[in-house]
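Residue numbers (the working numbering), protein chains in the order written: chain A, 1 to 312; chain B, 1001 to 1295; chain C, 2001 to 2324.
If you're looking for bench data, these hints aren't it; they were derived computationally from the structure.
From the three backbone atoms N, C-alpha and C, an ideal C-beta is built for every residue, glycine too.
You may find that some hints are simply not true.
[Unchecked claim] When the alpha-carbon atoms are kept at most 27 Å apart in a straight line, the in silico BS3-like pairs for lysine-lysine are as follows:
id, chain 1, residue 1, chain 2, residue 2
1, B, LYS1164, C, LYS2081
2, A, LYS138, A, LYS120
3, A, LYS69, A, LYS138
4, A, LYS188, A, LYS298
5, A, LYS69, A, LYS188
6, C, LYS2210, C, LYS2138
7, C, LYS2210, B, LYS1004
8, B, LYS1290, C, LYS2138
9, A, LYS252, A, LYS272
10, C, LYS2135, B, LYS1004
11, B, LYS1002, C, LYS2210
12, A, LYS252, A, LYS308
13, A, LYS147, A, LYS264
14, A, LYS120, A, LYS147
15, A, LYS264, A, LYS308
16, A, LYS112, C, LYS2081
17, C, LYS2035, B, LYS1092
18, A, LYS69, A, LYS272
19, B, LYS1290, C, LYS2135
20, A, LYS147, A, LYS312
[As the list claims (entries may be wrong)] Okay, the calculated bits of chain A under chain C, using three or more residues with CB under 8 Å as the criterion:
id, segment
21, 139-152
22, 173-180
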Amino acid sequence: MKKSVVLLMTFVLALTLAACGKNNDGGNAGASPSASPSGSSDAGASVSGSFIASGSTALQPLVQQVSEKYMAANDQVSIQVQGGGSGAGLSQVAEGTVQIGNSDVFAEEKLKDADADKAKSLVDHQVAVVAMAAVTNKDVGVDNLTKDQLVSIFTGKVTNWKDVGGKDEKIVLVNRPASSGTRATFEKYALGTKSQDLPGAIQEDASGTVRKLVSETPGAIGYLALSYLNDSVKAVQYEGVEANADNVASGKYPVWAYEHMYTKGEPEGAVKAFLEYMLSDEVQNGDVTDLGYIAINKMQVTRDVEGKVSNK
Amino acid sequence: MKAKTVDRIMTGVIVGVAVLIIAVLAGLLGYLLVRGLRHISLDFLLSPPQTIKAGGGIGPQLFNSLFLLVLTMIITIPLGLGAGIYMSEYAKPNRLTAFIRLIVEVLSSFPSIVVGLFGLLVIVNMFGLGFSLFSGALALTVFNLPLMVRITEQSLRSVPREQKEAGLALGLSRWRTITSVLLPVAIPSIVTGTILAAGRVFGEAAALLFTAGMSSPRLDFSDWNPLHHTSPLNPFRPAETLAVHIWKINSEGLAPDAAQIAAGASAVLVITVLIFNLGARWLGRVLYRKLTASK
Amino acid sequence: MNLPETRPSADPATPRNAPATAGAPAPKPAGKAAKHRLEEWRGQAFVYLCVLLLVVIIFSIVVFIASRGLTPFVSQGVSVKEMLFGLEWAPEADHPMFGALPFLFGSFSTSLLAAIIAAPLGICAALFMTEMMPKLGKTILQPAIELLAGIPSVVYGFVGLSVIVPFLRHTFPGQGVGIMAGAIVLSVMILPTITTIATDALRSLPAGLKEGSYALGATRWQTIARIILPTTLPALLTGVVLGIARAFGEALAVQMVIGNAPHIPHSLFESATTLTSIITLSMGNTTTGSLHNNALWSLALILLLMTFLFVFIVRMLERRSKHA
Chain A
1 MKKSVVLLMT FVLALTLAAC GKNNDGGNAG ASPSASPSGS SDAGASVSGS FIASGSTALQ
61 PLVQQVSEKY MAANDQVSIQ VQGGGSGAGL SQVAEGTVQI GNSDVFAEEK LKDADADKAK
121 SLVDHQVAVV AMAAVTNKDV GVDNLTKDQL VSIFTGKVTN WKDVGGKDEK IVLVNRPASS
181 GTRATFEKYA LGTKSQDLPG AIQEDASGTV RKLVSETPGA IGYLALSYLN DSVKAVQYEG
241 VEANADNVAS GKYPVWAYEH MYTKGEPEGA VKAFLEYMLS DEVQNGDVTD LGYIAINKMQ
301 VTRDVEGKVS NK
Chain B
1001 MKAKTVDRIM TGVIVGVAVL IIAVLAGLLG YLLVRGLRHI SLDFLLSPPQ TIKAGGGIGP
1061 QLFNSLFLLV LTMIITIPLG LGAGIYMSEY AKPNRLTAFI RLIVEVLSSF PSIVVGLFGL
1121 LVIVNMFGLG FSLFSGALAL TVFNLPLMVR ITEQSLRSVP REQKEAGLAL GLSRWRTITS
1181 VLLPVAIPSI VTGTILAAGR VFGEAAALLF TAGMSSPRLD FSDWNPLHHT SPLNPFRPAE
1241 TLAVHIWKIN SEGLAPDAAQ IAAGASAVLV ITVLIFNLGA RWLGRVLYRK LTASK
Chain C
2001 MNLPETRPSA DPATPRNAPA TAGAPAPKPA GKAAKHRLEE WRGQAFVYLC VLLLVVIIFS
2061 IVVFIASRGL TPFVSQGVSV KEMLFGLEWA PEADHPMFGA LPFLFGSFST SLLAAIIAAP
2121 LGICAALFMT EMMPKLGKTI LQPAIELLAG IPSVVYGFVG LSVIVPFLRH TFPGQGVGIM
2181 AGAIVLSVMI LPTITTIATD ALRSLPAGLK EGSYALGATR WQTIARIILP TTLPALLTGV
2241 VLGIARAFGE ALAVQMVIGN APHIPHSLFE SATTLTSIIT LSMGNTTTGS LHNNALWSLA
2301 LILLLMTFLF VFIVRMLERR SKHA
């Protein structure tokens, strides 16, 4: 007898929860779009609203950390930060399901051909700069690689380290998948050409895995964002220039990309306030630098979608 | 004479294989526990993760895993019981039943990544639930449901026929016979099966990458109102589970102690699964004794 | 089809009537029959609803994945032939190519190799538990195998990357990653599936069969090799096929150890790839609706179709074992 009651209670609970879920969802969906208007756009006044930022997993830790600080200071604002990848973030912001789309690449590079119109509706907010360095296993004995040498390595023309001044050892490539934003940046600014998916090359999307494999595999070469560099791998110079924040800022070291936060149309209310906070000196010199990015206000050069660099 | 030698050799081989399997398991557990246990402390289990500093914990992730499990079970158990009861009690041996049986079979062998992608397409994007615990729970339901159906069906079928007939003979309706005669007898094995299935949910990652998301917003553990954004009980917030967290810090971890955290979290995950396994057995036995003695 | 009768769902009625049902034992002969009928109707409605839901789920999965996965073929100019037999996968190239043969090859070879490793082990373990030392088997081996089934796949991947890959790198020429590493990790993961099904099959064998063989003076191995294994072969194969199906669909553990180069490798120790690993790697990085993204959905559709194929094979085998 009792058991049937318990059983029924379970059903009831499940149903109420499901019903609850529906209500809540409605409330949620209603809240998000209304977020922007409800937030006052006057600077200094308290802002309110809730929004979602999703996309690049590389940018996620930064946005999350900053959003937590921002929410602590503005308790009327609620920000959800989600991953999913640059492509997912751009699709979602273009469709309007999220308010900010985080991306490692310009929207125009992902939303091409039939989707080019979508890219036009998006407004770019460049919040940080990320630089990449070619890294090798410690045993290869190479300190510097020229552009041509890197191209030969990543297109498979050179397969032994002795041909680029290292010791007699087979080169093992650790590349990224074709869809990766990191790979796109590296190809565009370090190689100047597309690399190839060579037989036998390893492909990993995740920086941690790339670092682990490069550090463990004899003769391995890959590339990492500066924040992932540590003692286990060796960062090589590019055309004699060391990969560090100063060289990137002055424009001497070319392998870098912007981290973008896209909004659909000009941002308003809480979204706008948050993006302004993101670009404030407090965040740029604090969290951005701490997490291994280069502050956007330190950059002495700018670059457009086509890759044309100009002095600020 | 020769046959006996062959027999002895093959006996040796089979015993050897059994020993090998035990050794693999022991090695696996030993490796995970030895590397991981050093990092497990109360602080590690309760504190939130750190992005770049050392000393982060897995508190929210552990909570998310458990909460997601509860959510999934709340959805799965009634549905699974219902479909299981149909399969064992109401299904007539006809084409339709054969078809449904086929569906359960296909559903249970779907790759979890396909289920995850389906969740991304339909639950996350189309229903607009976003990356959330609820999306994750629905995706997990999809591939936990067939398991639950099978467990219920088998447990009900193993109840002696006489018990059912006795119930019907007393003038109880079929449904009443099922809920008050058959189910109580079958409950120990249903519970055991359910907990073992729950272990699988606990460790699932591929489907959750696309549905529950890979981020864990700040949680305010003093706020238990499920409608608040920072409340741990809000089912519509994105949530990274323990298994997903291991995947993430292994691949993207920036903290200097990422490897140790991964090892510690893996150990916690394995220990939890161990507890589930032992708990399922123990609970099944206790329930069996209680239900059969008190009746 | 007796499904339509489920439409007037009993759900709203359930909570209100819960106390009434609980107080039922007091005999009230008058309304009893009606109450029984109502109770029965409600129960059946619920049960049918659950089953209907199962059907809806599976159909929507197939429909949605197919709708995305077929787009490249229908409207984006990729031919099915290119997808299935093409060797070149270059989705972001100026002239994109979508040859998925390397992925198919990788998926098949890792899962088959995993089954080749795991099947003998699993069947031996089953023999140990049923024919040799049932007691020891039940107290030690069976729990051990169930535990192996419970260990999450990320943990397997983690161990594979930290133990098996370095081991293979030091022992064999190559980088350690590749089909062999994937197959070893998968073989441990599918061992429980194969063992459990084999054990069930061996247990259900009529005792008379074995006793007859022993009575004729056959040794244990002769009995196993000539009587037990041949009679249970279809059931054993069922377990192996289900194991392969599981290996085929496994994503994260394999992706971590296989290397992910979109090429057919020349050796077992060279970077290779699978259907699942390319999906996990690229899905998030591509935008919805782009050709690259849709091509990944096509790969998911192939995975889905493979599941149907595996279930079909299992069905055939089960029919065989019923006839035997």
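Status of the hints after comparison with the structure:
no. : hint                     : result
1   : B:LYS1164 with C:LYS2081 : 57 Å, violated
2   : A:LYS138 with A:LYS120   : 45 Å, violated
3   : A:LYS69 with A:LYS138    : 39 Å, violated
4   : A:LYS188 with A:LYS298   : 22 Å, holds
5   : A:LYS69 with A:LYS188    : 35 Å, violated
6   : C:LYS2210 with C:LYS2138 : 20 Å, holds
7   : C:LYS2210 with B:LYS1004 : 17 Å, holds
8   : B:LYS1290 with C:LYS2138 : 24 Å, holds
9   : A:LYS252 with A:LYS272   : 33 Å, violated
10  : C:LYS2135 with B:LYS1004 : 24 Å, holds
11  : B:LYS1002 with C:LYS2210 : 21 Å, holds
12  : A:LYS252 with A:LYS308   : 14 Å, holds
13  : A:LYS147 with A:LYS264   : 37 Å, violated
14  : A:LYS120 with A:LYS147   : 33 Å, violated
15  : A:LYS264 with A:LYS308   : 25 Å, holds
16  : A:LYS112 with C:LYS2081  : 26 Å, holds
17  : C:LYS2035 with B:LYS1092 : 25 Å, holds
18  : A:LYS69 with A:LYS272    : 16 Å, holds
19  : B:LYS1290 with C:LYS2135 : 26 Å, holds
20  : A:LYS147 with A:LYS312   : 26 Å, holds
21  : 139-152                  : violated (count 0)
22  : 173-180                  : holds (count 4)
Checked against the numbered hints listed earlier, the structure breaks hints 1, 2, 3, 5, 9, 13, 14 and 21; every other hint is satisfied.
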